[in-house]
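Engineer: Same order as they appear, the protein sequences are chains W and B.
Here the first sequence is numbered in this note's numbering, starting from 8 and rising by one per residue.
Here the second sequence is numbered in this note's numbering, starting from 35 and rising by one per residue.
Calculated directly from the structure, the hints in this document are not laboratory data.
Misleading hints may appear alongside valid ones.
Unchecked claim - A few chain W residues that face chain B, going by a derived Cβ cut-off under 10 angstroms, partial list only:
id : residue
1  : Leu-30
2  : Thr-31
3  : Val-41
4  : Phe-48
5  : Pro-57
6  : Pro-64
7  : Ser-66
8  : Glu-73
9  : Ala-129
10 : Ala-146
11 : Trp-150
12 : Thr-151
13 : Val-153
14 : Val-160
15 : Gln-161
Said to hold, decoys possible - If you want the footprint, here are the derived chain B segments under chain W, 3+ residues with CB under 8 angstroms:
id : segment
16 : 55-62
17 : 79-89
18 : 151-157
19 : 161-175
Where a beta carbon is used, it is the ideal one built from N, C-alpha and C, also for glycine.
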Amino acid sequence: MNTQRGSLIKNKTAKAAPARLQLTSLVDMMVILVVFLLKSFSVEGQLVTPAAGLELPNSSSRTLLEAGLMIEVGPRLVRVDGREILATSDLSADEEAAAAKLSAALAGTQIRPGSTPVLVQADRGLDYNHLSRILRACAVAGWTDVTLVVLEVQS
Amino acid sequence: MQTCTSSLRGRRPSAVAGVAELDVTPVMNMFIILIPFLISMTAFTHLASHEFSLPGDEAADHVTERSELPLTVAVGTEGLLVAQGEVVVAEFPRQASGLDLAGLTALLQSQNPERLIIAVDSPVVTADVVACLDACAAAGCQDVGLAAGTGVVLSEVSP
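The following block holds chain W by itself, in its conformation from the complex (with noise of 0.2 angstroms):
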């Protein structure tokens, strides 16, 4: 009988023993994460998020982006200032309205014509003829600091 109960105590302390965590798998990937992250870092941060919906054109250029306006014109919308204006079918059916949507919410916005460049977000298959009437609006409305902003591609 005494002998049973020591062999009882023994197996609760087994029980009781701390878990161990296996922390190496774990140590590895977060390794590999640090790396990727310091990889792709920017100390610049990014001044201005890809408009979704859109695919921007690629380009060798290395110019780098100033904060402004924003134009995004995507493949059915317009918008100035993320604001929806008008559809981009528009621009083709009816210019002359299109222009004066486009001119309306230029003048609409908080900033000064001169004092921020426009950025113009198109997407890579939009008919240039469209960005072209964009372009002479702002012109129009006193904005003729405009930037293209394009997808830089790594070569």
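Fit chain B to the supplied structure of chain W, relying on the hints for placement.
Structural biologist: The following block gives chain B in isolation, referenced to the frame of chain W:
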């Protein structure tokens, strides 16, 4: 002495030497601070720019005569055409892979023009225009303008 040797012989070598356990908790703490910081500063897409200087509203009525035009690269659906005034300098038909930008760059390098205009026909896509701007920049052209359909120089592109 005999008893001591026999007791050591019974144990596993690791138990005798004592396995060194690494405490990775500080390393994990450092990673937990470092990873969110690096994620916030990571640029997953590298954006660049082509800068333009548009002429004002008054320039819209100014039409340049074709004979007065500097070296002009016409971008169309069929390909590229390079002309000096009214004289065609070279033609680069569109290939299966796209525009013959290597040919354009080689020509521009040999011509070394001071001023260049890119005239775009409809329905050319923006990607083709950007590719032409890149080819001009690769050839060392400093003063590149974009023309509107009527022959008006719409904008000047900075190098």
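Engineer: If a hint holds in the structure, say so; if it does not, say that too.
Structural biologist: Each hint, compared with the structure:
{"no.": "1", "hint": "Leu-30", "verdict": "holds, 5 angstroms"}
{"no.": "2", "hint": "Thr-31", "verdict": "holds, 8 angstroms"}
{"no.": "3", "hint": "Val-41", "verdict": "holds, 6 angstroms"}
{"no.": "4", "hint": "Phe-48", "verdict": "holds, 6 angstroms"}
{"no.": "5", "hint": "Pro-57", "verdict": "holds, 6 angstroms"}
{"no.": "6", "hint": "Pro-64", "verdict": "holds, 4 angstroms"}
{"no.": "7", "hint": "Ser-66", "verdict": "holds, 5 angstroms"}
{"no.": "8", "hint": "Glu-73", "verdict": "holds, 8 angstroms"}
{"no.": "9", "hint": "Ala-129", "verdict": "holds, 5 angstroms"}
{"no.": "10", "hint": "Ala-146", "verdict": "holds, 4 angstroms"}
{"no.": "11", "hint": "Trp-150", "verdict": "holds, 8 angstroms"}
{"no.": "12", "hint": "Thr-151", "verdict": "holds, 4 angstroms"}
{"no.": "13", "hint": "Val-153", "verdict": "holds, 4 angstroms"}
{"no.": "14", "hint": "Val-160", "verdict": "holds, 9 angstroms"}
{"no.": "15", "hint": "Gln-161", "verdict": "holds, 7 angstroms"}
{"no.": "16", "hint": "55-62", "verdict": "holds (count 3)"}
{"no.": "17", "hint": "79-89", "verdict": "holds (count 11)"}
{"no.": "18", "hint": "151-157", "verdict": "holds (count 3)"}
{"no.": "19", "hint": "161-175", "verdict": "holds (count 9)"}
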